[in-house]
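**Q** Residues per chain are reported as follows:
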Amino acid sequence: MQPTSSMKEEFLKKWQMGLQIYRPLIDNTSVSERRKAIKLSADVAMASLRKGTTCWSRALIQKTATEDNFLVRQMLSGIKAETLINKKLPKVMCHRKIVRRSKMILRRRQSRSAIEEVAAKARKLIKKKTQGLRNVVPGGEFMSNDVLLIQETLDYIVSLQTQVNVMRSIVDAAEAGSER
Amino acid sequence: MDLSGRFGARSGDGVPFREAAALESLHIGGGEEFRQMVPPENAGGFAALLELPPTQAVELLHSSSSSASQATTLHSLGTLSFPSNPLLMERASRFSVIATDNQQNGNVSGETTTTSSVPSNEHIKTEPAETETCDQAAVEKQSNRCGKRKELDKKVKSSTKKKNKSSEENEKLPYVHVRARRGQATDSHSLAERARREKINARMKLLQELVPGCDKIQGTALVLDEIINHVQSLQRQVEMLSMRLASVNPRIDFNLDTILASENGSLMDGSFNGATMQLAWPLQVMETEQSYHHRQLQQPPSQQWPFDGLNQPVWGREENQDHGNDHNNLMVGSTSLHPNQVKMEL
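Quick mapping for you: the protein sequence lines, in order, are chains L and F. Residues 1 to 180 (full-length UniProt numbering) are what the first sequence spells out, left to right. Residues 1 to 346 (full-length UniProt numbering) are what the second sequence spells out, left to right.
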């Protein structure tokens, strides 16, 4: 599934709505602050396209809410703002570590055959990779099963691609315009 | 009949025939078709089998199983472990369906007509022979015929191997219908695991199509690596683009973007009217707006861009970018970006 033009359009509108919120603030001098503002509004716009259906969008909104609560509230126009901002992120990380440690203890007692070892190594490798994927995808740590993780990754990649396309075209236009 | 008595006794004792258990476990929550067929199938299937002479019944029951040793005596019924192969269930279901019509001869033929025509003919041929010999307790003959039929059945089954229903199909239904392949374990745990693995594999395929360069890679771990790299690169691109946009000439306005949106709406339709071009230039700034379609930017005359100079390169790039055109048309920087989130938060 490739990003569609309607998705791009929506993203652009929402992003601009977010940027509008920053506009009354005249005293922006620092490039880094501007960059942060741009990125945050882009992220929230991207996440709001999904309207809270996907896990990564909720996690992303909550992450940006920790940095700029006001922006998020304005951008989400109050429908889900309260629920999304105030919801606590589930603390699953702790449990998984405990489970992993207990599994390691159990594993030492088991006898291993050659074939089992190979399979176990392959499984370990894949687990490491999925853990890496969880680190990258927002909210990945809270996705309990792999099916959900891969689904979320799919959606996230598509949204990222729309975001990148739109931003790139705007930046190109802006730079082309500023050259003159 | 002794057989019926024995069956009745067994079922009365509540001995869980593995077939029944397998039936239940295979259909998590019960499917539409099968659940309706399960009770009559257990009753009807056994009833149909019961009407047949015991040896023939045993033969029919075990014709799909790989073990030949069980298919002989009534005593073996005690150790009768019905193969939990759902193919057998299907056959039994067909037995029940057809048993109502044709109680003696129709079972096997009815079952095999759906699979392939040739073996069914052979089955039909053997049936009259069976009915003739049904009263005989010739175990060897039965076992021979059983062996023959088993071969046929095996051929039939290998040609009509049932596949797992696709994961997409599973998701449409409220319950998961999974068929076990021949020779695979059929307890509920492995079935559920297999369904789960099929789902994961289907989605991994989608991911492979999405991420460029993943098609050629074999193996889940490398594909996952590629996916992670792709996601990270996209995220880095977003950061870079936002940095570039922030560092661009600060006269480029946020308002500008809103005009882009307004033009965007018309342009994304694919209709590149001249009207949209002319709209770009005498534009008015609107400070408080949520209506994207009527927003216009007012152009201070000193900064008016020459249209024509911009137009041609823009249209030239039309094929490459979706957004680039309209943006280039409208790129007139007049005011500056003013985000200052720190102050807003305080």
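No lab work stands behind these hints: they were computed from the structure. Just so it is clear, the structure is predicted and the values come from calculations on it, not from any experiment. You may find that some hints are simply not true.
[To be verified] Distance windows between CB atoms, simulated: (1) F/D215 with L/S30: 22 to 30 angstroms; (2) F/P174 with L/R100: 28 to 36 angstroms; (3) F/G213 with L/V147: 20 to 28 angstroms; (4) F/R181 with L/T66: 46 to 54 angstroms; (5) L/R107 with F/S247: 46 to 54 angstroms; (6) L/A114 with F/P174: 39 to 47 angstroms.
[What the hints assert, rightly or not] In silico DSS-like cross-links for lysine-lysine, where the CA-CA straight-line distance does not exceed 27 angstroms: (7) F/K205 with L/K8; (8) L/K129 with L/K103; (9) L/K124 with L/K103; (10) L/K127 with L/K63; (11) L/K63 with L/K51; (12) L/K121 with L/K103; (13) L/K36 with L/K51; (14) L/K13 with L/K97; (15) L/K97 with F/K216; (16) F/K216 with L/K124; (17) L/K127 with L/K103; (18) L/K36 with L/K8; (19) L/K121 with L/K97; (20) F/K216 with L/K13; (21) L/K13 with L/K63; (22) L/K103 with L/K63; (23) L/K36 with L/K97; (24) F/K205 with L/K36; (25) F/K205 with F/K216; (26) F/K216 with L/K63; (27) L/K36 with F/K216; (28) F/K205 with L/K129; (29) L/K8 with L/K63; (30) L/K128 with L/K97; (31) L/K13 with L/K36; (32) L/K97 with L/K124; (33) L/K36 with L/K63; (34) L/K51 with L/K97; (35) F/K205 with L/K121; (36) L/K103 with L/K128; (37) L/K121 with L/K63; (38) L/K128 with F/K216; (39) L/K13 with F/K205.
Think of the CB as a built atom: it goes at the ideal place given N, C-alpha and C, for glycine as much as any other residue.
**Q** Now tell me, hint by hint, if it's right for this structure.
**A** Okay, the hints, checked on the actual structure:
no.	hint	result
1	F/D215 with L/S30: 22 to 30 angstroms	44 angstroms, violated
2	F/P174 with L/R100: 28 to 36 angstroms	34 angstroms, holds
3	F/G213 with L/V147: 20 to 28 angstroms	24 angstroms, holds
4	F/R181 with L/T66: 46 to 54 angstroms	49 angstroms, holds
5	L/R107 with F/S247: 46 to 54 angstroms	52 angstroms, holds
6	L/A114 with F/P174: 39 to 47 angstroms	44 angstroms, holds
7	F/K205 with L/K8	25 angstroms, holds
8	L/K129 with L/K103	19 angstroms, holds
9	L/K124 with L/K103	13 angstroms, holds
10	L/K127 with L/K63	25 angstroms, holds
11	L/K63 with L/K51	16 angstroms, holds
12	L/K121 with L/K103	15 angstroms, holds
13	L/K36 with L/K51	23 angstroms, holds
14	L/K13 with L/K97	42 angstroms, violated
15	L/K97 with F/K216	35 angstroms, violated
16	F/K216 with L/K124	23 angstroms, holds
17	L/K127 with L/K103	14 angstroms, holds
18	L/K36 with L/K8	21 angstroms, holds
19	L/K121 with L/K97	19 angstroms, holds
20	F/K216 with L/K13	37 angstroms, violated
21	L/K13 with L/K63	21 angstroms, holds
22	L/K103 with L/K63	31 angstroms, violated
23	L/K36 with L/K97	33 angstroms, violated
24	F/K205 with L/K36	35 angstroms, violated
25	F/K205 with F/K216	12 angstroms, holds
26	F/K216 with L/K63	36 angstroms, violated
27	L/K36 with F/K216	38 angstroms, violated
28	F/K205 with L/K129	17 angstroms, holds
29	L/K8 with L/K63	23 angstroms, holds
30	L/K128 with L/K97	13 angstroms, holds
31	L/K13 with L/K36	19 angstroms, holds
32	L/K97 with L/K124	15 angstroms, holds
33	L/K36 with L/K63	13 angstroms, holds
34	L/K51 with L/K97	31 angstroms, violated
35	F/K205 with L/K121	23 angstroms, holds
36	L/K103 with L/K128	15 angstroms, holds
37	L/K121 with L/K63	35 angstroms, violated
38	L/K128 with F/K216	22 angstroms, holds
39	L/K13 with F/K205	32 angstroms, violated
Comparing the model with each numbered hint stated earlier shows that hints 1, 14, 15, 20, 22, 23, 24, 26, 27, 34, 37 and 39 do not hold.
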